[in-house]
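Undergrad: Take a look at the letters that make up each chain.
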Amino acid sequence: MTNFEDRLLSALKDEITTRKAEDQMTTVTPVRRTRRIVGLSAAVAGVAAAATAVVALTGVTGSTAYAVSKGSDGTVDVQINSFVDPDGLESELAEAGIKSVVDYLPAGQTCKQPRGENGAADGKFAAGVSKAGGGIAFKIKKGHVPAGSTLVLAITKSEDGESAAPSTTSLQIVKGTVTPCQPTSAPAIPPADNGTGGTTDKQDNGPTVDNGTEEGKGVTDKND
Amino acid sequence: MRLNDDPAAFEAFYRRHVDAVMRFVVRRVSDPHLAADLTADIFLAALDSAHTYVPGRGSELAWLYGIARNVVSAQHRKAAIEARATSRVAGRRLMDDDDLTRMEERIDAERRMRNALEAMQGLPEGERAVLELVAIDQLTVTEAAKALGIRHVTARVRLHRARRALENVASPSAVYQEGRI
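Keeping their order, the protein sequence lines are chains A and B.
Residue 1000 in the numbering used here sits at position 189 of the first sequence; the count goes up by one each step and never skips.
Residue 958 in the numbering used here sits at position 152 of the second sequence; the count goes up by one each step and never skips.
Just so you know, these hints were derived from the structure itself, not from any lab.
Predicted, not measured: the structure shown is a model, and the values here were computed from it.
Every residue gets a Cβ at the ideal spot worked out from N, C-alpha and C, and that includes glycine.
It is possible that some hints are incorrect.
Simulated pairs of lysine to any residue, SDA-like, Cα-Cα distance not exceeding 25 Å [stated by the list, open to error]:
#  : chain 1 : residue 1 : chain 2 : residue 2
1  : A       : K942      : B       : R957
2  : A       : K824      : B       : G932
3  : A       : K831      : B       : V824
4  : A       : K942      : B       : T892
5  : A       : K824      : B       : S855
6  : A       : K824      : B       : E973
7  : A       : K950      : A       : G987
8  : A       : K881      : A       : P917
9  : A       : K824      : B       : E924
10 : A       : K881      : B       : A868
11 : A       : K824      : B       : R908
12 : A       : K923      : A       : K881
Here's a subset of chain A near chain B, in silico, CB distances under 8 Å, partners left out [to be verified]:
#  : residue
13 : E816
14 : L820
15 : E826
16 : G882
17 : E901
18 : V989
Beyond 12 Å from chain B on every Cβ pair, some chain A residues (computed) [unchecked claim]:
#  : residue
19 : A822
20 : R830
21 : P991
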C-alpha cells in the first residue's frame, strides 16, 4: 500500500539519484581517443570505446545511470543518463510493470529488424523521446505496453561515449517473443562532428525506420 | 548531514518532517492539489538548500519552515510557476483519490488556523512572520528567529508588538475576556 507521502518520498529519492548522476556526468570526460578509428571496423572501435568508458565511469553505478518513476496515473517516466547497465534498466522497468528488452549498441551498429510482431495496443505507438542532458527521457503511458508485449529499446551509442547523447534511439512494442538483438552494421561513423553528414550516412539505418513505419509500430529518434 | 547526497539520510529526514510540512502547507492554502505541489516543492527546495543546513545549530524543523515559508510565499511568482511546470517532481501527479480525501481532511482540520492567519493580515510583514511561526506553527521564539534568519532579540520584540496589536482586534484572548464579564 502506498500513499502520497510514500510516492513523494520515492520521487524525491529518484531526484537525488538523478541530480547526482547529472553532477557526475558533467565531470566525466567524454571518451574521444578512439573516435578517429574509422573504416577498419566499427565494431572494434565500439568495443574499445566501451572498454575505456568503463574505466572512466566506475563512479557511476547502475542506479545513477537511469531513473524510472511511476506516476499515480500509471505513466512511467524513464530517464537514461548513461548508456550502461541495460539489465538494470530492464529490471527497473519490470518493477514499474513494463516488460522490456534493452540493448545499447556501439556506435555504428543497430539491431537487425524486425524484432517481432507489432504489439502496440492500437497498432500505433508514439512516445516522445527528448534529449535530457547527455541522455534521453521518455514517457510510457498506461496501457501502451499491453500484457504479453514487450517494450524494445535499442540505442546506438554516440561515438563520444556512454554519457553522450545517442546517435539513434529506437523504441517499439513487440507482441510475444522478441528476437534477440543481432547487431548489424549501420552507417559508417560520420567523419566529423558536423551534423550534415548524418542524413546521408544514416541511410543505412533504413531498416529500422522503414520497418517501423510500415508496421506502424516504432518510433525512431535520430540525433547527430 | 548530506541531505542531497545520501538517500537514506534524506528518507529519515523526510519521514521526521513530512507531516509537519503538510500541516504547514494546509494552514496556508485550501486547494488540495496546490497543497500537494507545495509539499513537493518544499522538499525539493530543501534539497537545493541542503548546503545551508548545519547540524546542531537550531532545529531541523526551524530550518525547514524557513524554506517552506519562502516556497509558499513565492508560489504565485512567475519563476516559481515555471519551475514547477518543468520540475521532474510534481506533487499533484502523485496523489490518488484516497490521498485527495486525506488532504481535504487535513485542510478542514486547519480551518481555524487559516482564519487566524487571515486575522493577522493587517500586521506588518516582519511581525506577522514571527507570530505565524510561533502561534500557528508552534515553533519556539528561538526557532522562529532561526527560520526567518533574524536575531533572537529581534524576534522577541516583533512578537511582543504583534501580540499587542492583535489585542485590539478580535483575538482569542479578547473573546475570552468578554465571555467572563
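Undergrad: Determine for every hint whether it applies to the structure shown.
TA: Results for each hint:
Straight-line distance between C-alpha atoms of A/K942 and B/R957 comes to about 47 Å, which puts the hinted pair past the 25 Å bound. For the given pair, A/K824 sits about 35 Å from B/G932 by alpha-carbon distance, which is inconsistent with the 25 Å threshold. The hinted pair formed by A/K831 and B/V824 meets the criterion: a straight-line CA distance of about 23 Å does not exceed 25 Å. Pair hint A/K942 plus B/T892 holds up; C-alpha atoms about 14 Å apart against a cutoff of 25 Å.
Between A/K824 and B/S855, the direct Cα distance comes to roughly 16 Å. Compliance with the 25 Å bound is thereby established for this hinted pair. As the CA atoms of A/K824 and B/E973 are separated by approximately 46 Å, the hinted pair breaks the 25 Å bound. As the CA atoms of A/K950 and A/G987 are separated by approximately 22 Å, the hinted pair is consistent with the 25 Å bound. For the proposed pair A/K881 and A/P917, the alpha carbon gap of about 29 Å is over 25 Å, so the pair is violated.
For the proposed pair A/K824 and B/E924, the alpha carbon gap of about 35 Å is over 25 Å, so the pair is violated. Only pairs whose Cα atoms come within 25 Å are accepted, and A/K881 paired with B/A868 is rejected, the gap being roughly 32 Å. Distance check on the hinted pair: A/K824 and B/R908 sit about 23 Å apart at the alpha-carbon level, within 25 Å; holds. Between A/K923 and A/K881 the CA atoms are separated by roughly 31 Å; this puts the pair beyond 25 Å, and the hint is violated.
With its C-beta approaching chain B no nearer than about 5 Å, A/E816 sits inside the 8 Å limit, and its interface hint holds. With a cut of 8 Å, the hint placing A/L820 at the interface with chain B holds, because the nearest CB-to-CB distance is about 5 Å. The closest approach between the C-beta of A/E826 and any C-beta of chain B is roughly 6 Å, which is under the 8 Å cut-off, so the hint is satisfied. Because the smallest distance between the Cβ of A/G882 and any Cβ of chain B comes to about 5 Å, under 8 Å, the interface hint for this residue holds.
With its C-beta approaching chain B no nearer than about 22 Å, A/E901 sits outside the 8 Å limit, and its interface hint is violated. With a cut of 8 Å, the hint placing A/V989 at the interface with chain B is violated, because the nearest CB-to-CB distance is about 30 Å. Against the 12 Å criterion, A/A822 falls within the reach of chain B, whose nearest CB is about 5 Å from its own CB. Not every C-beta of chain B lies more than 12 Å from that of A/R830, the closest at about 7 Å, which undercuts listing it as non-interface.
With a closest Cβ-Cβ approach of about 33 Å to chain B, A/P991 is found to remain outside the 12 Å limit, as its non-interface label requires.
This entry does not satisfy hints 1, 2, 6, 8, 9, 10, 12, 17, 18, 19, 20, going by the numbered hints stated previously.
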